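Assemble chain D onto chain C, guided by the hints.
Line by line, the protein sequences are chains C and D.
One rule links them: number in the numbering used here = place in the first sequence (from 1) + 234.
One rule links them: number in the numbering used here = place in the second sequence (from 1) + 13.
These are computed hints drawn from the structure, not numbers from a lab.
Since we're looking at a predicted model, the values are computed, not measured.
The beta-carbon is built from N, C-alpha and C at its ideal position, and this holds for glycine as well.
It is possible that some hints are incorrect.
Partial chain C-side listing against chain D, Cβ under 7 Å, derived [stated by the list, open to error]:
1) A372
2) V517
3) S526
4) R530
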Amino acid sequence: MHLMYFTEQPMSAYDEQAGRDFGATALMFSNEHFDPVAGSRLYNDYIEQYMLAEEVGIDGIMLNEHHNAPFCMQAKANIFAAILAGMTKKVKIVMLGNPLPLAENPIRLAEELAMIDMISKGRLVSGFVRGGGQEQLATGVNPAFNRERFEEAHELIVQAWTKTGPFRFEGTHYQHRVVNPWAVPLQKPYPRVWIPGVISKETIVWAAQQRYPYIALNTSIEQTKKIWELYDQVALQSGYVGGPENRGYLIQVHISDNEDKARENAKQFRWMQGEFTGLAHPVWSTPSGYGSPTNRRAFVEFAAGRAVNPRGNTSFEQQVEDLRIIYGTPKTVVAKLKRILEQTRPGILALWGNDGRVSQEDSLTCVRLMGQEVFPAIREIAKNLDLKSPFESNAPVHLKYSTDLRPAKAAAAE
Amino acid sequence: MAVDWASSTIEAGGTKLHVKRAGRGRPVLVLHHETGTLDDLPFYDALAANHEVIVPHHPGYSRSERPDWMRSVRDIAVVYRGLLSELKIAKPALVGLGFGGWIAAEMATMAPADLSHLVLVGAMGIKPPQGDILDLAVTGYIDYARAAFHDQKAFDRVYGAEPSVDQLEMWDICREMSFRIAWKPYMYSQTLPHLLKTMRAPAMVVWGDDDKVVPISAGKRYLESLPDAHLEIVRSCGHAVDMEQPEALAKLVTNFIGRE
Numbered sequence: 235m236h237l238m239y240f241t242e243q244p245m246s247a248y249d250e251q252a253g254r255d256f257g258a259t260a261l262m263f264s265n266e267h268f269d270p271v272a273g274s275r276l277y278n279d280y281i282e283q284y285m286l287a288e289e290v291g292i293d294g295i296m297l298n299e300h301h302n303a304p305f306c307m308q309a310k311a312n313i314f315a316a317i318l319a320g321m322t323k324k325v326k327i328v329m330l331g332n333p334l335p336l337a338e339n340p341i342r343l344a345e346e347l348a349m350i351d352m353i354s355k356g357r358l359v360s361g362f363v364r365g366g367g368q369e370q371l372a373t374g375v376n377p378a379f380n381r382e383r384f385e386e387a388h389e390l391i392v393q394a395w396t397k398t399g400p401f402r403f404e405g406t407h408y409q410h411r412v413v414n415p416w417a418v419p420l421q422k423p424y425p426r427v428w429i430p431g432v433i434s435k436e437t438i439v440w441a442a443q444q445r446y447p448y449i450a451l452n453t454s455i456e457q458t459k460k461i462w463e464l465y466d467q468v469a470l471q472s473g474y475v476g477g478p479e480n481r482g483y484l485i486q487v488h489i490s491d492n493e494d495k496a497r498e499n500a501k502q503f504r505w506m507q508g509e510f511t512g513l514a515h516p517v518w519s520t521p522s523g524y525g526s527p528t529n530r531r532a533f534v535e536f537a538a539g540r541a542v543n544p545r546g547n548t549s550f551e552q553q554v555e556d557l558r559i560i561y562g563t564p565k566t567v568v569a570k571l572k573r574i575l576e577q578t579r580p581g582i583l584a585l586w587g588n589d590g591r592v593s594q595e596d597s598l599t600c601v602r603l604m605g606q607e608v609f610p611a612i613r614e615i616a617k618n619l620d621l622k623s624p625f626e627s628n629a630p631v632h633l634k635y636s637t638d639l640r641p642a643k644a645a646a647a648e
Numbered sequence: 014m015a016v017d018w019a020s021s022t023i024e025a026g027g028t029k030l031h032v033k034r035a036g037r038g039r040p041v042l043v044l045h046h047e048t049g050t051l052d053d054l055p056f057y058d059a060l061a062a063n064h065e066v067i068v069p070h071h072p073g074y075s076r077s078e079r080p081d082w083m084r085s086v087r088d089i090a091v092v093y094r095g096l097l098s099e100l101k102i103a104k105p106a107l108v109g110l111g112f113g114g115w116i117a118a119e120m121a122t123m124a125p126a127d128l129s130h131l132v133l134v135g136a137m138g139i140k141p142p143q144g145d146i147l148d149l150a151v152t153g154y155i156d157y158a159r160a161a162f163h164d165q166k167a168f169d170r171v172y173g174a175e176p177s178v179d180q181l182e183m184w185d186i187c188r189e190m191s192f193r194i195a196w197k198p199y200m201y202s203q204t205l206p207h208l209l210k211t212m213r214a215p216a217m218v219v220w221g222d223d224d225k226v227v228p229i230s231a232g233k234r235y236l237e238s239l240p241d242a243h244l245e246i247v248r249s250c251g252h253a254v255d256m257e258q259p260e261a262l263a264k265l266v267t268n269f270i271g272r273e
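Isolated chain C (complex conformation):
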């Protein structure tokens, strides 16, 4: 079991009322509400949380990035990854991940990631994402080619990492006449790639075809099971059997030394008006061409205010009931997490510990209890359930490095 700490790095010092008045807290919500003095303090608070996470024995620190919004302060995940590469000694630096389609020059990403891998002495996990709809608009990238750019940038980066240069890359969206980066990853064949996601079936299928672990982001137990059903089906078609080493799960869990405080702090998971990414204009969060055409009708109805968000938005109580938000002392938290582990069998688990305006003191308490009490108990449970991480099971980095592939039929019979 690989156990990680995650925070969205909330920009908690913004004027919430201004967001409500504007009606959205992303993309076009003015950065006049961004206070760099508070920003400086918060970035350093987050570094302190990460350093403590390493100190208390947490396996990995999960990083991500978003743009133009208070719900996440990381505008470039590679910057924090580089900081951690230099400041920490043991933790895995798990990027979930770099939004590939936003890159106009993926070779630059390949170089940055290779540098992070070398500086950290091989502790990089290099996840890749498509980036949310709003990220495309925030960076001026065409949403209609999002998936094509994702797959092509991935191909180019993997080539830059594994193929001896100089070589030439002539793609549909990326053309590079000289690829020859003088920075290649320390880990061979290349750093592990994990793919996080929420609802897109296409992404689950793609990840399974690559044999990359898929990290379900705060989905309900039922949704998570459906994701693994699809993943496993594609795994069989690809000649391998899916297992815990292919499965990751991120869940909102706040840990405290008393139940009441834990509950109060857990409510901060809904600090962005209950929306994952804040109050969103539907047309910004799902620009035309970004989503799957099968969801087109549902999204236009939602965008015109005639239907509920197909992505869903449930109450705090309901999310607690569904085990999508967990809070409490280590004992209660472990009992609830055990149910999730039994039912969804992941080999990678990330706890999103703190959000919104949880104080630095309470955040540090959460991280400490996570590392010292919750994770040791989870490790025992995982051992009993035989939930091995990709590291423990020495899983191949990509399908093409598999040594156990069988024809689809034989794999299905197993």
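The following block gives chain D in isolation, referenced to the frame of chain C:
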């Protein structure tokens, strides 16, 4: 007056196009907006009273299928040049509405001698010297469509006060195609103003006086670029002059290109 329209699917250079035709007289190719087009519009009928009118649905818009390979508005212009050859139409008048105006202008630069007249109505395609072209990507479907009208009652007449889900879905499909071919720079070409100087045919630039989609400064830039052009302003009218004041626009067009 009822107009007898014939619909057909015509292939131009491997691209299948939904095309509607009616009327007799000087051929007029009418190119619709980036919001696609309804099948029937009073403007088309009014034009067909005096001219042979050809209304293709742009590839990737409304009832024409999407060619995945297309990457620019110029690609559509070339396909339409192919459509004209297919229909054996020489020297047509081109009437471009908004985004369709950009396509018409591109077509004009490709064969400056093979058109009789060019009519650009609130045309995109040129970077407005003042102001910006309204951004589809950050504007809701209905808000965007409504922005093209000065009088919201005119919008209600065309689309209904509450456009159907089918209409919303169609706007999304059209949007996706616009992103595929006109994302950056957004809705203009940096070279078009220079290429337009090759034009010889007379041009008429028409703008609603309350165009909230394409600033009128773009119209003035068109006038500077086109060697033989004049400007007509339609009063109390938004961007979609064809849908808001169809009779007035049809009259301007007919007076400009002449009856036969």
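Evaluation of the interface hint that places C:V517 against chain D, nearest CB under 7 Å: holds (5 Å)
C:S526 as chain D interface residue, shortest Cβ-Cβ below 7 Å: The hint is violated - C:S526 has no Cβ within 7 Å of chain D, the shortest such distance being about 12 Å.
Restraint check, 7 Å cut-off on beta carbons, for C:R530 near chain D: holds (6 Å)
Residue hint C:A372, partner chain D, criterion CB-CB below 7 Å: This interface hint is violated because 11 Å lies over the 7 Å limit.
When held up to the earlier numbered hints, the structure conflicts with 1, 3 and fits the remainder.
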